[in-house]
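Q: One-letter residues, chain by chain:
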Amino acid sequence: MLGDGVRLVMNSIWILLAQRIALGLLLLLAVSVLIFVGTQILPGDVAQSILGQSATPVALANLREELGLNDPAYVRYLSWLGGVLQGDLGTALSNGQNISEQIGKRLGNTLFLAFWAAVVAVPLAILLGLMAVRYRNRWPDKLISGMTLASISLPEFFIGYVLIFFFAVKLRWFPSVATVYDSMSLLEKLNAIALPVTVLTLVVLAHMMRMTRAAILNVMQSAYIETAELKGLSAFDVIFRHAFPNAISPIVNVVMINLAYLVVGVVVVEVIFVYPGMGQYLVDHVAKRDVPVVQACGLIFAAVYVGLNLIADVVAIVSNPRLRHPK
Amino acid sequence: MSKELEYFSKKVARGLMDRRAFMGRAAALGVSASMATGIMAHADAHASPVKGGTLKAGMQGGESTNSLDPATWASDVPVSYGRMFGDTLVEVSPEGEIDFRLAESVEASADAKTWNFKIREGIEFHNGKTLTPADVVATLERHSDEDSKSGALGIVQGIESMAVDGQNVVLTLSAANADLPFLMADYHLMIQPDGGKDAPDAGIGTGPYKIVENQPGVRHVGEKFANYWDLANRAHADTVEIVVINDATARLAALQSGQVHMINRIEPKVVELVKRIPGVEVQSVAGRGHYVFIMHTNTAPFDNNDLRLALKYAINRQEMVDKILQGYGSVGNDFPINGSYPLFSDDIEQRVYDPDKAAFHFKKSGHDGKVLLRTSDVAFPGAVDASQLFEQSAAAAGIPLEIKREPGDGYWSEVWNKQPFCASYWSGRPVQDQMYSTAYLSTADWNDTKFFREDFDKIIVEARAELDAAKRKELYRAAAVMVRDEGGLILPMFNNFIDATGDKVGGWSVDSNGGMMNDKALSKCWVMA
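Chains X and L, in that order, are what the protein sequence lines are. Residue numbering for the first sequence follows the working numbering, starting at 1 and increasing by one per position. Residue numbering for the second sequence follows the working numbering, starting at 1001 and increasing by one per position.
No lab work stands behind these hints, which were simulated from the structure alone. Source: prediction; values computed, not measured. Glycine residues also receive a C-beta, built at the ideal position from the N, C-alpha and C atoms. Every clue listed holds true.
Simulated crosslink set (EDC-like; lysine to aspartate or glutamate; CA at most 20 angstroms straight-line):
| id | chain 1 | residue 1 | chain 2 | residue 2 |
| --- | --- | --- | --- | --- |
| 1 | L | Lys1404 | L | Glu1391 |
| 2 | L | Lys1118 | L | Glu1104 |
| 3 | L | Lys1210 | X | Asp182 |
| 4 | L | Lys1197 | X | Glu66 |
| 5 | L | Lys1458 | L | Asp1468 |
| 6 | L | Lys1051 | L | Asp1238 |
| 7 | X | Lys189 | L | Glu1213 |
| 8 | L | Lys1224 | L | Glu1213 |
| 9 | L | Lys1357 | L | Asp1368 |
| 10 | L | Lys1473 | L | Asp1346 |
| 11 | L | Lys1118 | L | Glu1097 |
| 12 | L | Lys1418 | L | Glu1402 |
| 13 | L | Lys1129 | L | Asp1194 |
| 14 | L | Lys1210 | L | Asp1194 |
| 15 | X | Lys170 | L | Glu1281 |
| 16 | X | Lys105 | L | Glu1213 |
| 17 | L | Lys1197 | L | Asp1145 |
| 18 | X | Lys170 | L | Asp1503 |
Which residues of chain X face chain L? A partial, calculated answer using Cβ under 7 angstroms:
| id | residue |
| --- | --- |
| 19 | Thr56 |
| 20 | Leu63 |
| 21 | Asn95 |
| 22 | Ile164 |
| 23 | Ala168 |
| 24 | Val169 |
| 25 | Ser176 |
| 26 | Val274 |
| 27 | Pro276 |
| 28 | Tyr281 |
| 29 | Asp284 |
| 30 | Lys288 |
Between beta-carbon pairs, the in silico distance windows are:
| id | chain 1 | residue 1 | chain 2 | residue 2 | range |
| --- | --- | --- | --- | --- | --- |
| 31 | X | Arg64 | L | Arg1405 | 25 to 31 angstroms |
| 32 | X | Pro57 | L | Ser1174 | 16 to 22 angstroms |
| 33 | L | Gly1408 | X | Ser222 | 55 to 61 angstroms |
| 34 | L | Asp1147 | X | Gly82 | 24 to 30 angstroms |
| 35 | X | Val58 | L | Glu1414 | 16 to 22 angstroms |
| 36 | L | Asp1147 | X | Trp14 | 54 to 60 angstroms |
| 37 | X | Leu143 | L | Lys1404 | 47 to 53 angstroms |
| 38 | L | Gly1408 | X | Ile21 | 38 to 44 angstroms |
| 39 | X | Ile311 | L | Ala1202 | 43 to 49 angstroms |
| 40 | X | Val120 | L | Ala1202 | 38 to 44 angstroms |
Looking at chain X on its own, in the form it has when it is part of the complex:
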């Protein structure tokens, strides 16, 4: 009986998962069309942007011919889509480099930065959230809330410049330029990204921390918490062992949104710290009207969002029996 029940649950989860993934793919397709249309609406074309002010009509015509810009838009879109389905993102129009190779490096850098920011920020935010609940309405709670709210309210470029001024220029503890490259050791890389990781942590901390606090406080009203307290458990045990598991789904949701932000929303931080991630790469190619690269970046960003939200949904379903057995 029990075995059957588990199998049934697993089956429905697989079906759900399949549905979600199919929906995600459809969404990605729609996104790719949107991006393509968007880049077509922008004034000027890639040939004009490559040559810039120094474009002569002859050079323009030659370049347009060579880049295949004379084909109608839908033909270019379909041929690109065909390539992507076979794992080929094409070559950049502006410098003829292989996009998959280029993006691979940049995406690796972005994920590296996001990973270390997440490693610091997520446990810290949850810990601070738990502490805020433990000492709610007392000074530790107010201090935590005040600090994190202040750090989210300041624009990230401001925090970045302040950190650079003190820790890079005055104290010289960390470099202000966070450029990482292959020949660096892991320790050197970590040293290089110390400041951007700090900025990103400060930016995403408040959101996750406050959601943790609110979700747990919500659960803390329940009768079973009172039972746990009456049974003589310590305040922190009650929060961590009994309240936290039941508050996990909203927390995971917020964590995922913030993780997605760490991957796709860090253009400003990349510019300030000169970090060679996806954001700067995308901006350079938008400026050059390099449609294949913009499409590839857009697709990857969309995939990150869709993927992380998918994970959040699944975790929410798995952790909540009511969602596991929809009526």
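Guided by the hints, dock chain L onto chain X, whose structure is given.
A: Same frame as chain X, but now just chain L:
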């Protein structure tokens, strides 16, 4: 060491100040004689190059879309990197003369139509091959191919035929050009093995540094080429590196924290603040670049010379130099040439802001209503502010300007050279002929003032063929006056190139050809111990 003393000691090292004066200044600043002597000994060390070490530059003007193909270069970082791994036949020296590089001499026929470049012997490419005159011809051929997308196409178009003659390259031009050697200094015309015909972006040249790591938009590293032919004067550092830092504040922070030794493009509005930073020196050079407002002389209402004159009198040039360039520049006189060019005539009357004359010409033009001026942040740094200053000074003369701010994205394709009146910039050229031929001849692709004047074209073509300097100067004077009084160009200011160096940089020198010592700072400077 105090900021002042540091500054004075550098002046001594450059020979701009004598020792006695230095000791006097030092005493005035309360420094003992023995300490002052010590400081000066330190400054003297600047004079002889230090070999070895790593020299790093933080630069704006690099994108992840950059390629190693010289034909595609347009921004600072690829050009600087190109100057590191490649050489041109000649260079324009900081004094504006021809500096022989891969060519060791050049001779012209009496009619300036046939040019004979003698190629230096025994020069090695980074791939081990020896440079031959055939490589030079192949390079020029690649850039002059009609299918070429090269930025140098306009420059080499005038070459009718080229031939190898022993160790010489003989170029025959379709029309005489006394400035041909200057054209060969163009950074696109870096000599590549077989002209780079099979692999234009291979990154193989004869330059002082070999390519070690090339990450467009991130960083570019060069390693000293042991067999470089001019090791006495170039390639002092063992390794050079360009870090692409497009954000102005980040660039300055990198210099301050010692992560890079030099940076380019200091914004005029922060120069005064940067000057106060200990250990940082601002390097400002008057150049040939200029900021302009351009009118199409063939489009109403700008086809009326009185209206053009009205607008020329209605702009306050000095105010623009003071407020937009913070004094780091000089006033223009409505023709694209200044004292940084050879054969410049300094006796042409300076046009000044004159609301009365402006009002007079505006009335005479018979134009009624507003005059639309398009501007954008990307037209030049401070272009939107400059346009507003223009609007105010014109309003004082009773001329209503209407400012339309255009998006920066697409400005060069949709507005510049298309709309009849807009803000723009030019980065100047090594010689007058090239500037006029690029943007003022009737046949020029970038004739952005739509200046179609046969008499003007005749003067320029005549000057081009004239080998007598005095006669040429006269011709250029006539051309300048014509553009100034009848052209569509409003030129309020020439901008300086403003770079900054840290205290470990030795060998920096003034070069009015361009910023970063005309993009050669990394191969000409050294790191002090």
